[in-house]
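> The residues making up each chain are set out below.
4 protein chains.
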Amino acid sequence: MKFHYARSCSMPFCTQRRIEFRDTDAAGIVHFSAFFPFLESAEHELLRSLGLSVMQPLDDGGHLTWPRVAATCDYTGTAKFEDLLSIEVAVEHLGTKSVRYGFTIRRDASPIATATLTAVCCRLTADGQLTSIPIPDDVRQRLESVASG
Amino acid sequence: MKFHYARSCSMPFCTQRRIEFRDTDAAGIVHFSAFFPFLESAEHELLRSLGLSVMQPLDDGGHLTWPRVAATCDYTGTAKFEDLLSIEVAVEHLGTKSVRYGFTIRRDASPIATATLTAVCCRLTADGQLTSIPIPDDVRQRLESVASG
Amino acid sequence: MKFHYARSCSMPFCTQRRIEFRDTDAAGIVHFSAFFPFLESAEHELLRSLGLSVMQPLDDGGHLTWPRVAATCDYTGTAKFEDLLSIEVAVEHLGTKSVRYGFTIRRDASPIATATLTAVCCRLTADGQLTSIPIPDDVRQRLESVASG
Amino acid sequence: MKFHYARSCSMPFCTQRRIEFRDTDAAGIVHFSAFFPFLESAEHELLRSLGLSVMQPLDDGGHLTWPRVAATCDYTGTAKFEDLLSIEVAVEHLGTKSVRYGFTIRRDASPIATATLTAVCCRLTADGQLTSIPIPDDVRQRLESVASG
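Protein chains in written order, with this note's numbering: chain Z, 1 to 149; chain B, 1001 to 1149; chain V, 2001 to 2149; chain E, 3001 to 3149.
Chain Z with its partners taken away, still in its complex shape (with noise of 0.2 Å):
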């Protein structure tokens, strides 16, 4: 059986997601747009490993949230159903107001797909407005501690 997980992350934060049915195309193996919902998975699951969420309550009602700018994907391998991929997540670059995370998806230990994306950090009202900020110092120093490098 080829259930076992791959244990080459190099990153500051690796997680592990098995291919399901509907992330796979005619072509036999999983479609291209399927690896971002991935990508994105892992980011928030490496938010929450820090204590954070992407849609984080704020005093006054609103959120802070972090809504894409940028993304993405270069292919070099491939995934077929039930395959067990491991996805390794660094933060590439902290600027004042947004972040890149880099990603490396593996399967077996041979990477498949190198990722980046960028969000930027929002303030959005209890009304639906969106506004850029400056990230928070206490968040900001949470990202800092997955940086890569």
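Since the hints were made in silico from the structure, they are not lab data. Treat the hints with caution; some may be incorrect.
What the hints assert, rightly or not - DSS-like, lysine-lysine: derived pairs with alpha carbons at most 27 Å apart: (1) LYS1080(B) x LYS80(Z); (2) LYS2080(V) x LYS1097(B); (3) LYS2097(V) x LYS1080(B); (4) LYS97(Z) x LYS3080(E); (5) LYS3080(E) x LYS2080(V).
Remember, predicted model here, so these are calculated numbers, not experimental data.
Start from chain Z and add chains B, V and E according to the hints.
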């Protein structure tokens, strides 16, 4: 080339859609779960054709909306990438507070699935509270115009 | 924090999953169609726990596989981003060539959906031909071990 | 009513699509990952308009196909349920074995995203082997006809 439209609509409303690659799976066919968004989109298109919306603004700042309480689908055939499907919709049952839509999905005139969606008429307040309400008269009249049989 | 596991499984097999952002919709809840891949993934996990696969290689180069012929879901509650759901599965009916799985989905011990998937046992040849066949005895015995009631 | 078409296509090929409910997320907007299937569907529509297919049958029983090696998207705006988007496509770069498509996605004439997809020309044999090959001349000529600039 196979891209001609099926023209065999026997229900009050009919729409078409071409299968996208993301809706296929590793068995080479449309994933069974992908049919449900197809049904919903046909329902929404039906509502727009009646001058309604699945998120209808109300005078008090809230919305009239239709959460689903049941979904069923029986599969008698399959669909593949780039197939052109016709989706027929009718109102099968109109209750005081609920509506059940019936659907037939065809590929080249052959039915490949029959399905139902049951939705409840609800008031959604601006602060997110959801309460079931009787279907307003003007909405009811429009839905009756697309009843089956 | 809300991330404790629901522990109220009354069926033969139970799994958990956390709601991902991609599974939510603009109503702020999990899209009704997203429950179907959840059911299927629970079914596949059940099969793996029995030493089976939804795409079981056969000696002749073909596969034993289980195309769906029916799916139903009744929704009695909702789920939100990051909710942790428990999904219970049992074999509700075992025919000569088909199996119907029953599912209960819970959030914090409260059922939010009950559902069924009906699948037909098929031989898929290497060249893509699909023929329904009686469920092989060894597979039947394993499925009987997770029958409801 | 807002359902008029944007007509501001400056690239060689342009298509439209209406946002479906399944493509929205709990932030009330289209999920960032949903843009990638939109791009791919526009690419496939472009290919069909050129008399090509993303899975072109070859004389020897195999197929000419185009696995993705890179995808990027920069988000400068958002889209909501029922918005009508225009998606422009051009061939940005045509290599010996690869093609990079450039995309601009607009809502009401305003760009909300620019994106690229890079695909490699491959022969897929009947038994599933995938090998990169030079883009055949007749395919190359058709792709050149939709080059940007």
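> Next step is simple, just say for each hint if it's right about the structure.
Hint check results:
1. For a cut-off of 27 Å, the pair hint linking LYS1080(B) to LYS80(Z) stands: about 19 Å separates their Cα positions.
2. Restraint check for LYS2080(V) and LYS1097(B): the C-alpha separation of about 25 Å stays at or below 27 Å, so the hint holds.
3. Annotation: proposed proximity of LYS2097(V) to LYS1080(B) holds, straight-line Cα distance about 25 Å (limit 27 Å).
4. Only pairs whose Cα atoms come within 27 Å are accepted, and LYS97(Z) paired with LYS3080(E) is accepted, the gap being roughly 25 Å.
5. Simply put, LYS3080(E) and LYS2080(V) have alpha-carbon atoms about 19 Å apart, close enough for the 27 Å limit, and the pair holds.
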